[in-house]
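Chain order of the listed sequences is L and E.
Quick note: the first sequence uses numbering that gives the first Met the number 0, first residue 0, plus one each step.
Quick note: the second sequence uses numbering that gives the first Met the number 0, first residue 0, plus one each step.
Hints listed in this document are in silico derivations from the structure and should not be mistaken for laboratory results.
Incorrect hints may have been included.
[As the list claims (entries may be wrong)] For the chain L half of the interface with chain E, some residues (derived, Cβ under 8 Å), not all of them: (1) Lys-3; (2) Val-23; (3) Val-84.
All residues carry an ideal CB built from backbone N, CA and C; glycine is no exception.
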Amino acid sequence: MSPKVAEKVAFHVLRAMAAFIVLVLIIVLWDLFSKGFPALTWEFITENPRKGMTEGGIFPAIVGTFYLVLATILFALPIGVMTAVYLVEYARESWATRIIRLAVVNLAGVPSVVFGLFGLGFFVLFLDFGVSILSGSLTLALMILPVIITTSEEALRAVPNGYREASLALGATKLQTILFIVLPNAMPGILTGSILGVARAAGETAPILLTAAAFFLPRLPDSVFDQVMALPYHLYVIATQVPNADPKIPYGTAAVLMILVLGLNLAAVLLRSYFRRMRRV
Amino acid sequence: MSPNGENTAITNEIIMCKESLSKSASKKRRIWDITEKMTEGLLFLSAFIGVVTIILIFLFLFKEAIPLMADPAANTLTSKNWYPISNPPVFGLLPLIAGSIIVTFGAIVISVPLGVGAAIYLAMVASPVVRETLKPAIEVLAGIPSVVVGFFGLAVLAPLIKDIFNLPTGLTALTGAITLALMALPTITSISEDAISSVPRRYMEASLSLGATRWQAIKTVIVPAALSGITAAIMLGIGRAIGETMTVLMVTGNAGIIPDTFLVPVRTMTATIAAEMGEVARGSDHYYALFVVGAVLFLMTFVINLVADIVSRRMKEVE
Numbered sequence: 000m001s002p003k004v005a006e007k008v009a010f011h012v013l014r015a016m017a018a019f020i021v022l023v024l025i026i027v028l029w030d031l032f033s034k035g036f037p038a039l040t041w042e043f044i045t046e047n048p049r050k051g052m053t054e055g056g057i058f059p060a061i062v063g064t065f066y067l068v069l070a071t072i073l074f075a076l077p078i079g080v081m082t083a084v085y086l087v088e089y090a091r092e093s094w095a096t097r098i099i100r101l102a103v104v105n106l107a108g109v110p111s112v113v114f115g116l117f118g119l120g121f122f123v124l125f126l127d128f129g130v131s132i133l134s135g136s137l138t139l140a141l142m143i144l145p146v147i148i149t150t151s152e153e154a155l156r157a158v159p160n161g162y163r164e165a166s167l168a169l170g171a172t173k174l175q176t177i178l179f180i181v182l183p184n185a186m187p188g189i190l191t192g193s194i195l196g197v198a199r200a201a202g203e204t205a206p207i208l209l210t211a212a213a214f215f216l217p218r219l220p221d222s223v224f225d226q227v228m229a230l231p232y233h234l235y236v237i238a239t240q241v242p243n244a245d246p247k248i249p250y251g252t253a254a255v256l257m258i259l260v261l262g263l264n265l266a267a268v269l270l271r272s273y274f275r276r277m278r279r280v
Numbered sequence: 000m001s002p003n004g005e006n007t008a009i010t011n012e013i014i015m016c017k018e019s020l021s022k023s024a025s026k027k028r029r030i031w032d033i034t035e036k037m038t039e040g041l042l043f044l045s046a047f048i049g050v051v052t053i054i055l056i057f058l059f060l061f062k063e064a065i066p067l068m069a070d071p072a073a074n075t076l077t078s079k080n081w082y083p084i085s086n087p088p089v090f091g092l093l094p095l096i097a098g099s100i101i102v103t104f105g106a107i108v109i110s111v112p113l114g115v116g117a118a119i120y121l122a123m124v125a126s127p128v129v130r131e132t133l134k135p136a137i138e139v140l141a142g143i144p145s146v147v148v149g150f151f152g153l154a155v156l157a158p159l160i161k162d163i164f165n166l167p168t169g170l171t172a173l174t175g176a177i178t179l180a181l182m183a184l185p186t187i188t189s190i191s192e193d194a195i196s197s198v199p200r201r202y203m204e205a206s207l208s209l210g211a212t213r214w215q216a217i218k219t220v221i222v223p224a225a226l227s228g229i230t231a232a233i234m235l236g237i238g239r240a241i242g243e244t245m246t247v248l249m250v251t252g253n254a255g256i257i258p259d260t261f262l263v264p265v266r267t268m269t270a271t272i273a274a275e276m277g278e279v280a281r282g283s284d285h286y287y288a289l290f291v292v293g294a295v296l297f298l299m300t301f302v303i304n305l306v307a308d309i310v311s312r313r314m315k316e317v318e
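Take these sequences, add in the hints, and give me the full structure.
Structure follows, in structure tokens:
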């Protein structure tokens with residue numbers, strides 16, 4: 000085989016591999032959405048599950064996921080951004096920063112079920128928060144911390160140094176410079192990271208399995224110490240433990256979860272590319 | 000009043016004004032200075048939360064894992080069976096570790112060639128338009144929640160595998176491996192693509208000017224140059240696959256035996272924790288045994304991520 004022919008063959012094989020991945024993606028999305036969309040009625044979204052979850056809607060699970068995600072971002076965003084600010088604006092390369100970075104990298108690689116186990120041992124039992132929104136969202140917050148730290152760091156580094164120097168030269172203190180110049184300019188990137196973190200928190204099951212999720216709870220929680228139903232856990236329960244459920248229910252739940260998570264991901268990607276283009280202009 | 004006196008009065012007033020202004024300015028300045036110091040401390044503390052978390056995870060996993068070591072049941076940890084509720088209970092870790100390894104291995108065999116191939120295509124062959132469309136599409140795959148992938152595996156893939164191989168159940172190691180491959184693919188593809196794209200252009204130009212075809216250049220120059228990045232991508236893919244919980248919990252059938260083929264049900268470490276932790280009594284041997292499983296899992300992923308980090312750091316140094 001001449002090198003030219005070999006090249007043609009190789010490129011076709013590579014193209015086929017990429018096409019195969021996209022094909023699989025399309026099959027998965029098509030199966031989930033084509034069977035999920037017909038289930039998405041107003042009643043499905045606004046009603047409680049009925050008859051041992053074999054009928055009815057998923058309203059408490061939607062609300063539960065909303066509460067969990069909201070609390071998670073309230074914990075994770077300030078800590079994540081503050082860590083990033085420290086690493087980018089204050090820290091000199093030292094053993095301390097090296098340890099912090101190593102911890103962030105390793106935290107990103109800890110399996111979600113290990114976070115769940117830790118959340119159970121630390122928040123639920125040791126701190127006695129019980130199986131609750133509080134325990135679950137703290138666990139999720141620790142899990143998404145690396146996402147927020149890394150994207151915020153990237154966003155802070157992308158702010159031109161000239162901005163900082165100009166601000167300092169005008170007599171602003173370092174903190175003033177960070178608060179009024181650096182952070183506003185890094186906001187789009189920080190926002191992107193937060194949305195990605197929220198999407199991840201909304202879709203995870205294993206961390207809340209042991210720390211927050213209720214099998215069936217047909218009322219809304221009234222404090223952070225309450226258990227909640229959540230979309231991903233609800234999907235797991237219906238798909239594996241409720242064999243006689245109408246197949247519309249798991250497909251509908253999967254569709255709602257996918258719309259939520261992929262919608263957030265898409266928003267983050269669009270936001271990022273929009274602001275990148277803005278900056279280039 | 001003489002015009003001169005009026006002037007002095009005005010000058011005095013101006014001086015007083017200036018003084019009070021600079022006084023308030025310096026007071027403000029001092030407040031900012033104090034805030035400055037406090038902020039730096041506060042920021043450092045919050046940056047250390049990550050470190051504290053890793054240490055706490057480590058401590059809590061091992062604190063809860065150790066009580067079992069003092070128990071006679073600990074002798075069963077190396078047994079070939081995981082029978083946590085038999086009497087006496089047997090907590091053999093081997094089938095769980097074997098289960099995790101076989102599905103992860105299967106996932107890697109499927110996803111590495113596909114992922115690296117697609118990465119080479121995206122970085123070196125595809126037109127910019129195709130690249131800019133496919134990269135986000137593959138990132139979408141990464142965004143699908145694991146429980147949804149598990150549900151797809153349960154509803155679509157498992158019946159298919161049951162029919163194709165004529166098995167009593169479609170919930171097998173193979174089903175787990177395929178769904179995990181689906182989840183590891185985006186990681187492997189996108190990190191490999193970054194590694195290949197970051198090989199300097201002049202490598203390609205030099206090869207082409209020596210008469211190589213683009214494919215020869217890719218095969219013998221570009222991919223070897225990006226190898227440490229690709230290795231890091233594969234390690235991260237392995238880390239993701241071995242730590243994945245919901246997908247394998249839903250599609251691998253959860254049988255606590257050491258598998259001899261891909262077509263039997265297996266039980267992974269992650270699925271065992273997720274499935275059994277909700278039902279055990281706190282302080283029982285079973286409870287501590289699950290923390291032992293968690294500790295082993297944590298150590299395995301820790302080592303995998305460390306290797307990935309070292310490899311990718313070496314890549315950056317080469318650049």
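Verification of the supplied hints:
| no. | hint | verdict |
| --- | --- | --- |
| 1 | Lys-3 | holds, 6 Å |
| 2 | Val-23 | holds, 7 Å |
| 3 | Val-84 | holds, 6 Å |
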